[in-house]
Amino acid sequence: MIVNAYAIVGLICLVIVGLALLAAALWHPGLRPLQVPAAWNNYRFGYAVYALIFLAFDMEMIFMYPWAVVFASIGFEAFADMFVFIAILSAGIAYAWGMGGLEWE
Amino acid sequence: MIIPLTAYLIVGAVLFAIGIYAVLAQRSAVMILMGIEVLLNAIGLNLIAFWRFVRPDDYSAQIFTILIVTIGAVEMAVGLAIMLLLYRNRQTVQVDAYEELHG
Amino acid sequence: MGVVLQMPVVLAALLGGALLTLLLERTLLQRTQTEPGPAAAVDYRHAVDPPNADRWLYPAGPVLALLGVALATVVIPFGPNLIGEDLGIGVFYFIVVVDFVVLGIALGGWGANTPDAVEACYRIVAQLVAYVIPLGLALVGAIMMAESLSTVAIVEAQTGLWYIVLQPIGFVLYLITGLMQAYRAPFLEPFAASIQQGVLHTSGGWQAMAWRLALSGVLFVVAAMGAVLFLGGWQGPLLPGPVWMLLKTYGLMALMLWLGTRVRLRSTAQMLALSWKVLIPVGLVNVLIVGMLILLGVGTA
Amino acid sequence: MILGPVAQIVAFSLCALIAIAGALGMATTMSMFRSGIFLMASFIGVAGLFILLSADLLGLLQVMMYIGGMLVMILFMVLFSHDPGGAMMAGMQLPIIEKFFSLGLLPREQKQDEHDQNEQSGHGGNGHQPMEQNGQDDHAGHADHGDQDAEQNGHDEHAGQNGHGGHEDHEHMDMSMTTPIKKPAAVLAVLVGVILVGLLLLRPAWPIVAATPNPNSAEMVGHLLMGKYMLAFEGAGLLILIGIFGAVFLARAGHFPDERGREARVAVDAQPTAPEAPALQPVADADPPDAAELVGVTEIQTRRNLEKDGRGEQ
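Protein chains in written order, with the numbering used here: chain A, 43 to 147; chain B, 3 to 105; chain C, 1041 to 1341; chain D, 25 to 338.
Any given hint could turn out to be false.
To be verified - DEER-style ranges, computed between Cβ atoms:
id	chain 1	residue 1	chain 2	residue 2	range
1	D	Met254	A	Ala133	43 to 53 angstroms
2	D	Ala45	A	Leu76	26 to 36 angstroms
3	D	Val30	B	Asp59	27 to 37 angstroms
Unchecked claim - Mimicking EDC-like on lysine to aspartate or glutamate, the simulated pairs with C-alpha atoms at most 20 angstroms apart in a straight line are:
id	chain 1	residue 1	chain 2	residue 2
4	D	Lys207	D	Glu122
5	D	Lys252	A	Asp123
6	D	Lys252	B	Asp60
7	D	Lys252	B	Asp59
8	D	Lys252	A	Glu119
9	C	Lys1317	A	Glu119
10	D	Lys206	D	Glu122
Quick caveat, the hints were computed from the structure, so don't treat them as lab data. Where is the CB? At the ideal position from N, CA and C, for every residue including glycine.
Turn these sequences into a full structure, and let the hints steer you where they fit.
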């Protein structure tokens, strides 16, 4: 059963959160004053296009991992498939690069 | 299988309802995009629940769910790009500011 | 009740690994006099109460970061049977849960709501955008040769020959993206001295402790996963498995840190450009090269 | 070891709770950043449900995809929004759900600071502390803000030269996060939810199979992708390509440079070397020298003035 393998994952989540709550409840050192202005409204980031390409490109991995597992047992056909897939993705990166998307704004 | 299929489907239905609320009630286009993600996610949950309980031997459902997530990601990328364009032109992404986009 | 016994072992491994990492890093930093980055000293003795903080997200940051590292430790095999749990998709699991560290730093930075911390939040997301894909591509080669996502299976597949020999490009790619993923020397922008170590400056008390553990732990798990993927994990002559694993982990870590101090610090923009213009194309080519090697019958059983 | 029934029920309840509370928080909180984080939490809860359903590959895919995706989305949200942290909105009178998910957003020292400032500038009146607004009638609220702004501009030193009549109509585009049809939408959503749940409860049982799925899901998915769904695989590649084309084509830099008033040092491209560090000190650039004393609403006011600055120059 797959679920049983993840029991330890859930348990570690609970333990870490519990330990943090415990620490927050018990550990009360003196305050270090911090007088700084709020910063939420100073917004601008220079990598908008990188971020958008990343959103789309991130999905490539979920296709690549199952493929990598079965690749050796299928052989050439799988290689050809992935070659086409990688060619398509490379075209995307090349386009972004050519259009000047991979630049800091 | 202690938890019945219906329990998962109910969670999916509640998520779907919240997604509908978010899509209808939010003014910011990004929030509407997020509502759509919730809708897609509710669909994915239903698909996987039915896969597990009705056809656990056929992994097609997982492929469909992967495709749904892919579509969600691409939709997010293109949607945000459109909003960035609108924002650079008009300084707002609130949907009621774009009356003239109606046909 | 195996799980209840395994869980403290995993946490103890993380604790010990992180402490050793901190020791190694401090020694190296003293010798090279470089910017400390995530290894900078933190203030355990004072709590901090940022005046404009988002009081839900601010304390959630360090907890999530620590959680990510602790979860990543689960799939690292320290010996033939010394592993938290051999999840069937261990490697994929690893790169997913390490993202929680980024999430934690982003939350802590935004939640603190000081200019430096918010800056750190933006920079850490840039780091995520830069490292995730080349890291994934670096791992694909090892998965292809081992025909499995399980960390134990990958170590066992390297019985004869380590993958560092078969996939040198993948290994170099892993070194660079590992430094990005651990926010160490050339890529320490989110913890740069110019923004006062970002989130570290705006936290104290138990939060500082959690940051310290998480940030040392992330380097530890990244190096350990490198040893598993490319250096044959626990395998080696004479010495017992866990000793080999620790030797390889800390050897790889020392190599990464040393290489990091050899080059100039990179800004966020330079890191993004490096990632998307060099590392990702190289990673895609590496996948094809490894594929051809396998078709030629090299590396698979 | 088989996971006990109690553990399964606890795990299911926790995951379902996170999924639903996260989605609800996303739709109702006043902070844009938080709403992205809540949505992420909702997705992680659903991922937990996937793992409970033995679809671990998909669960982890979900986590990976949406941690990255939501963090990026949040960046854009913060860029587009006028009050990304919700510190301004959280002071208003809110319905109970909104209030709960916006707890802890109000700046801690706002009141005291304001008091100081009011004393300094010789104005009485409690200016802009908890704004009375009930989410529905925006216009009444906006009139209020207009007044406060005028008052603020009057005694804000650095606003002196540019505080003239800048606040006529961009004031009323950024306040409420919801459309006027919020109430009907809520009713409709509840209705849909009730109908769906009712149908599910009334529906007779589905043909449930007792078999357990193959634990090696990555291999199964891989074989299907390489065989039966090969076209879908390449099609997904094409879809990603089209997504990249569209995103780059629409969002590439340089066509519509951002207005100058929004320049902030966030994520600036600076060398992390020591000599340049002074240039990045917190209060060195956009804010006036006394910015360290300004917090809360006053800070927002400062930003608005900067914005007007930018508008004026266009």
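task: Check each numbered hint from earlier against the structure, then list the numbers of those it violates in ascending order.
output: The structure conflicts with hints 1, 9, although it agrees with all the remaining ones.
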